[in-house]
Structure formats: C-alpha cells, structure tokens
Amino acid sequence: MAERTEANAQDRPGGPARPIVEFVDVTKRFGSTTALGNVSISGSSGTVHAVTGENGAGKSTLMNLLTGVHRLDGGEIRLRGKPVTLHSPKDARAHRISTIFQELTLLPNLTVAENMFLGREPRRMGLVNRPEMRRLAEKALARLGINIPPQTYCSALSVGEQQMVEIAKGIAADAEIFILDEPTAALNAPEVEKLAELIFTMKAEGKLIFYISHRLEEIFRFCDEVSVLKDGRHVATHPVAELDREKLVSLMVGRELGELFPQRVPQQDPQTMLSIKGLTTNPFPPKVSFELAKGEILGLAGLEGQGQRAIIRAIAGIDPPISGRVEKTGDDPAQPISVRPTIVAVSQAGIGFIPEDRKIEGLYLPLSIRQNMALGMLREQSLWRPARIKRDEIETLLAQMRVAHADPRQPVGALSGGNQQKVMIGRWLASGVNVLLVEEPTRGVDVGAKAEIYSLLREFSDAGGAVLITSSELTEVLGLCDRILVVREGALIAEFDGPAATEELVMNAALTGTHENQELEGAA
Amino acid sequence: MTVMAKNSPATARSHLASASRFVLNLPFAYVGTALLLLFAYFTRPMLLSPLLLLLIVRQAAPLGIAVIGQSICMRVLSLDLSIGGVVVAVSYILTSGALPFSGPVLIAICILFGLLVGATNAFFITRMRASSVIVTLAMAMILTGVVISLGQFHAPGDAPEVLKFIGQKRLGIFPIALFVWLAVVIPAALFLRFSVFGRYVDAIGANPNAAWASGIPYVRVVTIVHILSSLFAVFSGLLLVGFVGVGSMDIGGDLALNSLAAVILGGITFGGGKGGVLGPAMAAFMLTFSFNLLTSLGLGEPGKLMIQGAIIAVAAMIYASRRNK
Amino acid sequence: MSWLNILRFPGRSGLGIVPIGVPIVMFIFISFASPNFLNVQNLSNVNAQIAALLIVALGQMIVAICGGIDLSVGSVLSLTSAIIVSVDPALAVPLALLAGLVVGVVNGVGVTIFAVHPLVMTLATLTFLQGLALLILPVPGGDVPDYLEAMVDFSFLGLPAAFFWCLVFATAAAVVLRSTRFGLRIFAVGANEDNAARNGVNVVLHRISSYVLCSFGGVMAGLFLSARVASADATMGAHYGLESVTAIALGGVLLAGGIGSVPGVIAGTIALGLMTNGMNLIGVSPFVRAAATGLLLLTAISLQPRKAIGA
Amino acid sequence: MKSNILKLGALTVASFFAVASMTTTANAVELTAPGLLDPTTEEMTEAGAYKKEGPWTIGMSFPGLGNTWIVQMVQETQYTAANNDQIEEFIFTEAGWAPAKQVADLEDLIARKVDAIIVAPMAPASVKKQVDAAIAAGILVTTYGSSEGVLNSAVELNLGGKAFGKAGGEWLKEKLDGKGTIWAFRGIAGVNEETLRYEGLTEALEGTEIEIGAEVFGDWNYTKGKQLCENLVLSGQPVDAIWFSGADMTRACIDVFKDVGKPLVPMTGEGNNGFLRIWTENDLDSVAPIYTPSIGPALVRATVALLEGETLNKSYYSDPAPITNETLGDYYREDLNDAFWVTSALPEDEISKNFAR
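Read top to bottom, the protein sequences are chains A, B, C and D. Just so it is clear: in the first sequence, position 257 is 263 by the numbering used here, and no numbers are missing. Just so it is clear: in the second sequence, position 63 is 52 by the numbering used here, and no numbers are missing. Just so it is clear: in the third sequence, position 56 is 63 by the numbering used here, and no numbers are missing. Just so it is clear: in the fourth sequence, position 152 is 1495 by the numbering used here, and no numbers are missing.
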C-alpha cells in the first residue's frame, strides 16, 4: 500500500507526468450502435491504470483500438505525444504495445514457446531460432514464477496455465505499454499472487499498464488510477486513492443494485422438479447431488473454472457426465423420470439450456428473429410434419420481453446484445419447457436489459418453472437466486439461502471451503 | 426511411435501386440463365425453340435431381461426393444381369441400396466425426471400384423397359423426365420449406453449435440429409440409365462435381443461402443449357471447360463476397 | 522425445499409430505375399511411382495445414505438362512456374479475399485449367526437353533419380514447416485464424502463399511426370487432386487445418503406392484398388475423430 | 476366301469362326478367324528366338476401361488365356487412362518376372523405356497397335485407325455423290485411335465437295452423343449425312432423329449389335466398319506362338470388309443384347451366356 502511494508521489511533483498514451475524443461505431463516444483517457509511464465499467460498457472496445484490432471512427490516439494510426495487431506491437487478451488467444497446436513468440519469432540465418526461442520463453515464464516446460503443446495446459502463458507472452514482448484484459478470470489464488508481484515489478520498471477489470478488489489492490466507462461514454477518471468501494460502484452503475432484481416470492410447498444424483464430470471427480424445486431459481456460484460450468453442461447433456443420474419430475410427482444425458433427450424431457456465449452456441445469427423463436416451438413436433409456428404467439412474446426490433423478419444478428439475449431466452419460453439451465444469464448485456432478463427468469419460475444458473457475477447470484450452491473444485461445498447470503459469506466459501473428497484430489 | 422516400423525387431511383437489389439478391443461376438465353437469342436463336428447350430440360433432369441432395447436404455444412459412385452402382444393379429380377424389383433394390449408402455415409460423418469430403470420396471410390471389378467380365445389358420409357419418351412435346423432375423437386421444395425438418436444416446451417446446444436432433437430421442425398442420387441414376438405355461404367462420373457447381450457382452456400430448392434446379438447367450453347458455338472441349470454370468462379466470388458484407 | 512418445502424443504432427502403421503393415504383408516385392528394382520402381504424388501431396499438406484444400493441383500438373512441350525448351520451366504462381494467387485470393469455400474455388480453377491445358495441347505427345528427361533418368550412388526428387522436396517441406516463420504461422492460421491475426500474423498473405506453394508442387510434379513418361498429356494430372487429398488424409493431416507433418504425408503416399504396387505384384484385380483405397481411407479417418460434424 | 465363308449365309459370327478355323489349317499359326488379320510385312521373327519352357506367366497392360467394347475384348482375352493350360497365370492391368500408371504397371510386371508382356500403349513414346527394360530382362513383348517403329516389340497387331474412318468416308462419298454437308461425331479428344480415324475420314473426303459442317467430340458415348446430336439437329444445322467415329453415338443420333421426327440421313456405324439391331429394325442405309474385340485373343495366341518358338510376321493389321446393307444379316444377332460387338472369338455358349438379351 505504502509502495503504491510512493509511486504516485513520484509522478506528481511538477504536475502530471507526460502521458505516453492519450485517447483523444475517440469514437467507435459498430453498424448503427455507438460502442464508444468521444472518450478521452490518458495513461502515464509507471502507473497501473484501471479501466472499468459494467459488461458492455466499452472497456474492451477501447483497448482493441489500441491493439489495432479495431479502427477508429473518430478522434485520435497519441503515443508519446504523436498521433498514430494502428492498422493491425502487428502495428501495435511495433509501437511496443502488448496485449493480454481476455479470451485466450493461444493456439492449441503450438507449443508454449511458439505461442509466446508467434508473429515475432527470433531468427538466425532466416530460419526460426528455436533454441533462442525456448531460452527466451523460459526466461519470461521464470519471471512469473511458473514452471511449464516451453515445449509443451498448449492443448495440454489447464485454463489457468494458459492464462499464465498468455501473460508471460505479453511480458516477453518487451513492450512499454501493456493491456491486461481481465487477467485473473481464470487464475487461482496463488497464481493471482504471482501476477500481483509481476505487476508491481513492471510498474517499477516504468511500464504503463492498462488494467481492465470489473473486480473491485483488484482495482483497489493493483491500480493507481481508474477510468470508468458506462454505455460507451467516459464517466470519470480518478486516482484510486481518492475513491472508496461505494463511490466506484455508483460511478459504474449509477443506480442502486436493489432495483435491478425482481422480488423473491417464497414458495409455500417446494416440490422437486429436477434431482441430480451422484453426478461426476470430466475434470472433476467429486460426486454432486442436489435438487431443484418448482418455482425456484438456484445459483451455482464460485470462482471461475471451479466446475460450475462442467456441472450445468453435464446436466444439459452438452458434455455428458462420467456417471450419475438426472431425474425429472413429470406429471406424477411420485414417478420421477430418468433423463438420458444427451442434449436431445434432455431437451425432449422439457429442460432448456441457455449457453453463455450466445453468438457461438446460442443464436442463429443469420436467421430472422422469428425463425429463431420459432425453432423453440418445434421441440415436441415430429421431424416429418409441417412446422406449426404460431406467429402471433411469437409477436406477443417479443412484445412481452420488450425486444427492441423493427421487424420480426430482420436477422437476429442485427439486434443489440441485450435483445439477442432476450430472444435466446424467449426461444425456450416459446418451447414450453419447465426447467431452464442458464449459463451467465446476462453476459455482455447492458443494465437495462439485465433487469428485464432477471424479471423474465423470475416470471418463468413463478409460473411453475425452475431455473438453475451459473454466474461469475456474484451480485447477480445474490440478487436473483432463491438458493445458492457454492462450487469449489467440482464439489458443492456450501449452501446459502438467497436472501440471507452476503458477498463475504459466499466468497469466503468459494475461496477456502473444503469438501470431504479433497483427499481424492490430493491423490491425483 | 420509407416514409421519407415516398414523396421525394428520388422515388423512381429508389424503386430502381430496390429492384436491382432484388435481382442482385437472386441466386446467380437466375441471372445467369437470363444472360445465357439472351446471348443465345442473338447468336443461336435456334436453341430457343420450345422443342430444344424441353430437350435441354430433359438432359438437365438427372443433374437437377442429384443437385437437390447435394444442396441439402451443403445447407447442413456437409458435402456428398459419392453421388457419382451411387449412379454407377445403380447402373450396375439395373443392367448387369447379375440380379435375376424384374425391372420394378431392381428399382426397389436400387432404392434400398441408396438408403444403405446414405446411412453408411452418415454413420461415418456423424458418429465417427469424419470429414464428409473424405467419407463420401472414399465411398465413391469403393462403389466405383467394386462395380468395375464386378463388371469387368460382364458387358452391361439393357435398362429395364419402364426406365427407358421414363427416360426417353414424352407426353405430347413434354419429356416424361420433366414430369419426374417436377414430381421430385416440388415435394422436396415444399417439404424443406414447411416441415420441421426443413427448419432444423436451416438452423444447423446457420449455427451448428447452437443447433447442438439447443437440443435439435442434430445427428438424426444430418443422417437423414445424407440418406436423402443418396436417394436423390439413386433417382438421378434411374433417370440416366433410362435415358441411355444401356448400362455404362462411366455414367454419371461428372455428376458429383457438376452438382456442386449447380448448388453454388443456385445460391446455396455452406450453411444456408437463399436458393432453396428451386435455385439449384435452375442452376442445373443453366449448366446444361450452357453446355449446349457452347457446343453449338463450336467451342471445343477446352473452351467449354474454361468458360464453365470461369462462370463458377465468378458466381461464387460475387455470391460469397456479397454474403460476407 | 522418444519415438513411442510421439506416437502417443502426436502434438500437431498428426502422426498416430494409424498413419505410421498402415504402410508398415502393408510392407510386411506384401513382402510375404509376393516374392518379387523385396528386390531393389521393384523398390526403386515404387519410389519412382510415388514421387509425383508425394510432391503434390506435400503441397496439399501445406494448404491443408493452413485450413484449405486445393483440388486444382491436378490440373496444374496437366497444364505444366502441356506447357513444357509447347514452348521453347529454355522457357518451359520458367513459364510453368509462372503459371503455377498465377494459379496459386487466384485460388488464394478467391478463398481469402472473396471468401469462397476452397472446395468450390479450386473446383472452378480445376475446370478452367483443364480446359486451358487441352487448349494448349489437344493431342498427347510432344518432346519433353532433354534436360528434364536427364533429371529423372540418372542414378547416383545406386539410388534412382526419383529418390532424390523425393528427398529434395520432402526435406524442403520439412524445413518450411519446422524452421521457418511461414511454417510455424500456417499452423497458427489453420488452428484459429482470428487468434493468429491477433498475434500479428497476416492471415491473408499466409493463406495465399499456401496455395502458391501447393501449385508450385503441382508444377514440379508435372515436370517430373512428363519427363518420366517422356511425353506430355493434358489430362495427365486429372487424378492427382483427389489422390493427394487421400494421401494426406491417410497421413494424419487434419483437413480442418492446424495438424500435419511431412513424415505423415510420406507415410500416406507410400501406403497408396504400396497399394498399387502390391496389387500388381500379388495379382489382385486392379479394379479392386480403388475400392481398397476407399476402405483404407474410411478406416484411417474413423480412427482420427474430430470435434465438428460436417465438411 | 472371305466370300466363300459369307456364302454360308446366316451363320453366326462365332460359328463362322469355328468353321473357319477347322477348314483353314494352311498357315502355321492361326491368330484369328481368317480374313480378320493380315500381315503387313514380309519380315518374320526369328524362329525360336523367344522360346521358353512353359508354363508361362503373361502380363497385359491396357490403358483403361470405359466402354462395352473394351469389356468384351478383355473378357475374350482372359477367356483365351484361361483356356490355354500352358499359361499358368494371366495378369491384366489397366491404367485408368493415366500414362504414369501405365508406366508403373509395366514396371510392376517386369518386377514380377513375367515371361511375356502384351502392351497396348497409350502413347508409344511414354512406355519405350519400360519396353526396352523388359526386353533387356528377357521378356517377350507384343504390342497392340502400331508404334511406328518406336517400340522394339517382337510383333505388333494393329487394327482400326485410318481404315476405320476411311471406310465410313468412302461410303458417305458414294452416298452423297461427292457433295454435301456432313457432321463428324468424333470420340475422345486427343486419343490416338480417334485422331487416326478422323484422318481416315478426311483422306476419304479429299478432292470431293463434301464439307464438314459440324464437328463435335461425343466421347464414343451414348449419353454425350445424344445430347450433342439433339443440339445439332434442333439448332437447325444443315446435314446430308453423318460420320461417326463409334457406334454408340450413331445409336444416339438415330434415336434423336426419330424423336424429333426428322427423316434419317445416311449415317456410318460400327459392328456393334445394338447398332445392328437399330439398323435392321429401321431399315437404315448404313455401313459399319468392324473393329474386332478378337484382337485380344489374337494377341494372346501370337504371344503363345512366339513362346512356343514359332515364327510370325513382324506386324499384322486387321481390316475386314465393313458390314453393309447386304451383309448385315450375317452379323446381326437378334438373340443377343446391345453390348455385343462383332466379331467375337468366344465360343457360342460363352457368347450366349454373357450377352443374352
């Protein structure tokens, strides 16, 4: 803590240090939507500059302008005082800008060393100098204190290891300006510590680090300055020292958290809809059993990569479980029906799965809104029959969900993220399922749409359905769910009643909780 | 925007613009056919006689039927290169005399055979997750190889009379093959347009991952698609054998690649497109008409191949780049 | 890494038990089945018989690693054959190479810039070039330049010329894949072009270059084959497009991109060569060959499942 | 001699062959039915030069398959070889019309140490090296076709070619009285035999006022021939007669003329039963050169003769008189199907077994 203020103090005398990166009135549009409007932010050497805001606020877009992935539509970027045009990631690299992307950009069929030097392989006599590459890779990995042989193929690494390699790759680039986009998303606690050390070293070396995150604790721990974006606009930039948690949150959100979430109605006589018995999933050996009741929204919480995703995907039949059973209560509560763990059988049993990535797994972007919705209605129809589509029902549903659209015949890809998310959920509402498995219900969705999606899910459960969600946003889990199960290393380690749970309780469990099967992991 | 356009002086121009947009959005086959007909009108007007056009339709029918299967395959992001092999096998079953049955029974055997080939293709593509290019290519190799080794000591005989009748005769001036074509195309078009199956085909083509994750019976749909494709190949083969009248080992050899070309010209791309079933059908006519036109222009084989290749490349480039905008 | 480890963890080479095992099993089987197989003359025949296919398949492998497919390479071979007997012998090779360059660029531009599916694009060029080759050389024949014939007819250290052709091209391809930036980056492009681009790889340039190299392989195979049969034929390469795809698929190259290796392609080509040679030697009806190749291909590919369903 | 046999009337071709071989024993070696194959040179092979102790292994390299003529030729060849107990093994290879594959086939046959090779070269130059290698390895080589001196094979048996095209051309010249417009339906572009046949036609037409109005390549194939003919007929190209390089195309064209109701014009054909059937049934006016599949058996017999130490002429040529309206009845077999080609060397029971309608 003291160290950080010292660093700040060094910059201060004689006014602010000359910034090496300046965004001046930058604007970026995608089609008709303005992703960024007149944003001006600057960063100086030897500082860690947080860029934060809600999902979809424009953080990644802003940084992608600096990495050459996107081109400016207005304004300019100045590097060391001079305006520059960045056409490609290669250009950015030439200007000594290094990016550690949020999505993993490692190529599975390249080794760690090859990945780290892709695009700037060291050469000797025109050929790739592999020994040199390996040596440099080892050096960079050593700086992070990680012990991964550089000759390992990246397909063999865990997600956390890949994230570390991604970071090492950025460091090995010998740049002046670093962009860290949600670097801790896939890291476990010791890895975060290593990253922390590294960030302080880099700062001491006079680098500028843009730290993109919406994790408040990290911003307060690592950063000197914070710029807040909201809906593509620059809200404010403050030294971190001048802010506290509440102030930052209010800058980010601009409203009380409470009104986001619909009212919880306690269920009188909870009746089991879905029971999971002894489920084991691929990377995680522990057996998982729980029940989902009618009218309930159940949340699987925990740190990222702890098995929530594996559990929900196993139930959905996407990545079928290794063992275990799923039973669903049908018309007769006394006679639960065993559900085969394949996605088709699961869907036939009246269970809908809403994936986290709507573009990749969720929507049919080239098809119209109506076609997307209509596909849900076909769930119980025979392949050979004429498709019975009730257009008026679709219109009603679209209106109910307040999907902002010009025409149901327009391609769904032309909608904004929030409306796309609604269409994806709407498809399942139209299909008549009574259990929904939802991964990250509001990823990449603006705040207004969030509230609407929450109330959609709540209406669904109130109408006699049941919802299971996974979410990396703790506030979401706390605000929406009736019951919260905390997952750590694939096991359920704690259960909280929704209204009673707090962020501290859940985080505590997620970070430190243990389970009876832990020795199993030790043996492995 | 439409309100603004209504009373503005630019109305006529915007009509023109939307008309030209409509034309540009049509599969290339429609525009191409129109251009070819126009060109023929000035250079070889004889080709436009109704009689000849109907004969060209008959020539196009086998390709037109095979192309339906190919187009559904492509709409679910798959491909069927085994069409030629199926046709050769059909020719063998019908004309080798190795199976001592009557014509209708042989036709039934052909259909069963088509089911089997399609199911085998589908098995490898969906269950073994093998590339459809490789699987159907291998299938074509196996079928032609087996047929040629079986047939090497036996000259093929005549086609069943019923097929010769369908392939060669006409009602009035209309060749029966035309009716067969229509009888296959129209139900296929309606089925794909209105059935649940057709919706699923669109969904899989638009986003296979989403189709998988949302519980659409992906494997079943792709399996049916490949079975249908083989069945259409069988029908195409029946028509071809009937048309030729005798068995032949090099029958239908260019069907797989021509059908691929026709699908592209018909506006189908991998995973969708606007052509439906009619676009590729039009493209089958267009290709056949272009062969005839080029012949009557006295262009030899080389010229024909070059123009054919150029047409496919240009159409694909126009269509693909427009789709990606 | 030990040999066994490579088989167990093939990495991006695609070299599993199947690609390596198939030719070995075939070799052993034919050795027992035919007394004439294991003699120097026959083995050198096999070498000469597979050389052209190997050269084409190496080019096909580069395109495939980069995530494409090139059916037109057979027509490039035919075109080369037609060109070299139709122009001044001194210009023959440069002109053929120029033609290869143009074809590669056209294919590459169609696939990358116009975003045409590679099967469709190269099918179109296949058709066009076949026509062009027939236009240049309607009737087979002609005199292949003497220097070319000399290049396939020598023997050195008791080894036939074809051996050195194979050696040169296999080595060149291996160096390209293993030790050049291009080689490393096409693996990246083939695995995930977006991520490759984010790492500063020029995807368009690499794609186009892969098609150019493939066409270059077609040209070289055309020179070799025309010289070997001492005459030109404008349909000489017709089989090579699909045959080379078969060879690389047998060799463990993933058609979806990102996986493949020179040893695999060599193994796949040898497997095909042994199939033909073995059947001729054992006296199996030659017509069975196509069927057997198809079966082999199906078996091989079933043992290498992918994630996605489709083309 | 030929007329002698024709007097036998409506005998089938095969039985006529059987009778012929019984009655003529003058020559030392009988390669085919008499009149089908004549020596073209006085030069003889050296007696005993190729003599080997049996049983033999004989290999054959053929360019490829594709039509019923080839199937029948291969069938007859294999039958002949199988019925000679001195031939232990007969290996048939086909190159799928790829010159490189033919080279490979020959190399493999040499590697198998066969006693003799029958080669039907796609292009003589392309197999020269392998033929020389075979001869150097002590293998007897006989050739199907004429290599014009390129190959050093012991004996060459040739057929068709210019004479085939010329027979049709001469007939057309007569029919048209030396003037008019004809269409020429050619075979597969670039194939040697095809070029020769076409040259035969142009030679026959030299000095006449007959013009070739349209020239198309129908690949000897019914389907393609039919499409091309439909096209030419309906595009109104003038035509007085049609020359064909192969019979399947003639059949196709007759079907087209009948289809559109256009009066038939003189068309040349080929000795194929399907064509002969249409000819007979429709009372056409035509001529059909004979391109005999018994060339295959003849090659086997020549090879065997040489291995036995006999002497043969260095080259032979098959140029039987074409089938005309007058002789049609001698050749047409109502009981056989369209895939049968005259004249066959198979015995009658084999013929009726394989080609029954």
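Worth flagging that the hints you see were computed from the coordinates, not collected in a lab. You may find that some hints are simply not true.
So the derived list for chain B, only partly shown, Cβ under 7 Å to chain A, looks like this [claimed, not checked]: (1) 157; (2) 158; (3) 161; (4) 202.
Taking lysine-lysine and the BS3-like style, the derived pairs with C-alpha atoms no more than 27 Å apart in a straight line are [said to hold, decoys possible]: (5) D:1472 with D:1395; (6) D:1605 with B:158; (7) B:158 with D:1657; (8) A:253 with A:236; (9) D:1395 with D:1657; (10) D:1505 with D:1395; (11) A:293 with A:253; (12) D:1696 with B:153; (13) D:1518 with D:1505; (14) B:263 with A:396; (15) D:1522 with D:1605; (16) D:1605 with D:1394; (17) D:1456 with D:1471; (18) D:1456 with D:1395; (19) D:1471 with D:1395; (20) A:300 with A:283; (21) B:158 with A:365; (22) D:1601 with B:153; (23) D:1505 with B:153; (24) D:1472 with D:1456; (25) A:145 with A:88.
In this text, a Cβ means the ideal position worked out from N, Cα and C, and glycines have one as well.
Okay, the hints, checked on the actual structure:
1. 157: 34 Å, violated
2. 158: 33 Å, violated
3. 161: 34 Å, violated
4. 202: 4 Å, holds
5. D:1472 with D:1395: 24 Å, holds
6. D:1605 with B:158: Roughly 16 Å between the alpha carbons, so the hint for residue 1605 of chain D and residue 158 of chain B holds.
7. B:158 with D:1657: Violated, at about 52 Å.
8. A:253 with A:236: Answer holds: residue 253 of chain A to residue 236 of chain A is near 15 Å, not above 27 Å.
9. D:1395 with D:1657: 19 Å, holds
10. D:1505 with D:1395: Since the Cα atoms of residue 1505 of chain D and residue 1395 of chain D sit roughly 36 Å apart, the hinted pair is violated (cutoff 27 Å).
11. A:293 with A:253: 42 Å, violated
12. D:1696 with B:153: 24 Å, holds
13. D:1518 with D:1505: Holds. Residue 1518 of chain D to residue 1505 of chain D sits at ~20 Å (cutoff 27 Å).
14. B:263 with A:396: 23 Å, holds
15. D:1522 with D:1605: Holds - the C-alpha atoms of residue 1605 of chain D and residue 1522 of chain D are around 21 Å apart, at most 27 Å.
16. D:1605 with D:1394: Given that 27 Å is the threshold and the Cα spacing comes to 60 Å, the pair is violated.
17. D:1456 with D:1471: 18 Å, holds
18. D:1456 with D:1395: With a Cα-Cα distance of about 13 Å, the restraint between residue 1456 of chain D and residue 1395 of chain D holds, given a limit of 27 Å.
19. D:1471 with D:1395: At roughly 24 Å apart (the allowed maximum being 27 Å), residue 1395 of chain D and residue 1471 of chain D satisfy the hint.
20. A:300 with A:283: 17 Å, holds
21. B:158 with A:365: Violated, at about 53 Å.
22. D:1601 with B:153: The hint holds at about 15 Å.
23. D:1505 with B:153: Cα-Cα ~35 Å, so violated.
24. D:1472 with D:1456: Roughly 17 Å separates the two Cα atoms, so the pair holds.
25. A:145 with A:88: 33 Å, violated
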